[in-house]
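Generate the whole structure from the sequences, applying the supplied hints.
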Amino acid sequence: EDQVTQSPEALRLQEGESSSLNCSYTVSGLRGLFWYRQDPGKGPEFLFTLYSAGEEKEKERLKATLTKKESFLHITAPKPEDSATYLCAVQARGGSNYKLTFGKGTLLTVNP
Amino acid sequence: NAGVTQTPKFRVLKTGQSMTLLCAQDMNHEYMYWYRQDPGMGLRLIHYSVGEGTTAKGEVPDGYNVSRLKKQNFLLGLESAAPSQTSVYFCASSYSVRSGGRNTQYFGPGTRLTVL
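If you read the sequences in order, they're chains A and B. Our numbering numbers the first residue of the first sequence as 152 and each following residue consecutively. Our numbering numbers the first residue of the second sequence as 76 and each following residue consecutively.
In short, the hints are calculated from the structure, not lab data. All of these numbers come straight from a predicted model, not from anything done at the bench. Mixed in with the good hints, there may be bad ones.
[To be verified] Here are the computed lysine-lysine pairs in the PhoX-like style, where the Cα-Cα straight-line distance is at most 20 Å: (1) A:210 - A:230; (2) B:84 - A:193; (3) A:214 - A:230; (4) B:146 - A:250; (5) A:250 - B:132; (6) B:132 - B:146.
[To be verified] To spell it out: a stretch of chain B is covered by chain A in this simulated footprint if at least three of its residues, at any positions, have a beta carbon under 8 Å from a beta carbon of chain A; those stretches are: (7) 113–119; (8) 178–186.
Glycine is no exception: its CB is placed at the ideal position from the N, C-alpha and C atoms.
Shown next as structure tokens:
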């Protein structure tokens with residue numbers, strides 16, 4: 152059974168204080184690992200897809216990395232508008248669909 | 076493009092009532108999904124569809140039915156609502172496995188359902 156564990160559950164940062172969110176996963180064969188951002192009352196917004204260990208992707212202050220067992224979402228010099236819940240999900244290789252298994256998310260709060 | 080839209084945004088039902096949630100996408104995606112999101116549980120897959128006229132069960136299908144009569148629409152039905160179905164429901168869509176890697180799921184804004 153595919154499993155995704157995100158840590159910490161909640162993280163409070165001061166504006167400009169860089170940090171990382173962790174996503175540990177177990178999957179029979181990884182097709183892709185996804186990061187989404189979710190604002191209160193909204194649907195998940197796609198950020199990144201990572202397909203193989205060693206891959207990295209960046210977008211503004213966010214950088215996602217992938218190893219064979221976990222992914223990190225690094226946030227550099229965050230701003231209050233980066234406050235949101237960040238979700239990690241995995242897709243298993245094989246099969247005829249793209250089902251996602253999600254973690255419970257990390258609630259990030261960035262104080263001005 | 077509107078992307079993925081969901082109606083209604085909010086709904087309150089009494090136990091035993093029925094309702095249908097509508098999801099529509101304008102991205103010509105083959106695959107569509109229904110998830111529910113509960114505090115402390117994360118997003119869980121209810122049902123999904125890999126094409127018009129086909130549906131399949133996900134992780135938590137009991138108490139729900141779905142239909143995909145048109146490629147762009149995916150309906151989620153509750154025949155007899157129960158308080159345990161109080162949740163936020165999200166629809167998502169993606170290209171097919173045959174599309175060669177464009178497997179990202181795009182989500183709608185959600186429907187907040189309360190069953191009293």
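Evaluated hints:
Restraint check for residue 210 of chain A and residue 230 of chain A: the C-alpha separation of about 14 Å stays at or below 20 Å, so the hint holds. For the proposed pair residue 84 of chain B and residue 193 of chain A, the alpha carbon gap of about 10 Å is at most 20 Å, so the pair holds. Our distance criterion of 20 Å between C-alpha atoms is met by residue 214 of chain A and residue 230 of chain A, whose separation comes to about 15 Å. The straight-line distance between the Cα atoms of residue 146 of chain B and residue 250 of chain A is roughly 18 Å, inside the 20 Å bound, and the hint therefore holds.
Taken as a hint, the residue 250 of chain A and residue 132 of chain B pair is honoured in the structure, with Cα atoms around 11 Å apart against an allowance of 20 Å. Among the hinted pairs, residue 132 of chain B with residue 146 of chain B is consistent with the structure: their alpha-carbon atoms are about 18 Å apart, no more than 20 Å. With 5 residues bearing a CB less than 8 Å from a CB of chain A, the region 113–119 of chain B meets the requirement of three and the coverage assertion stands. Given a C-beta distance limit of less than 8 Å, the hint that chain A covers the region 178–186 of chain B holds, as 8 residues qualify and 3 suffice.
Figure legend: structure checked against the earlier numbered hints; every hint is met.
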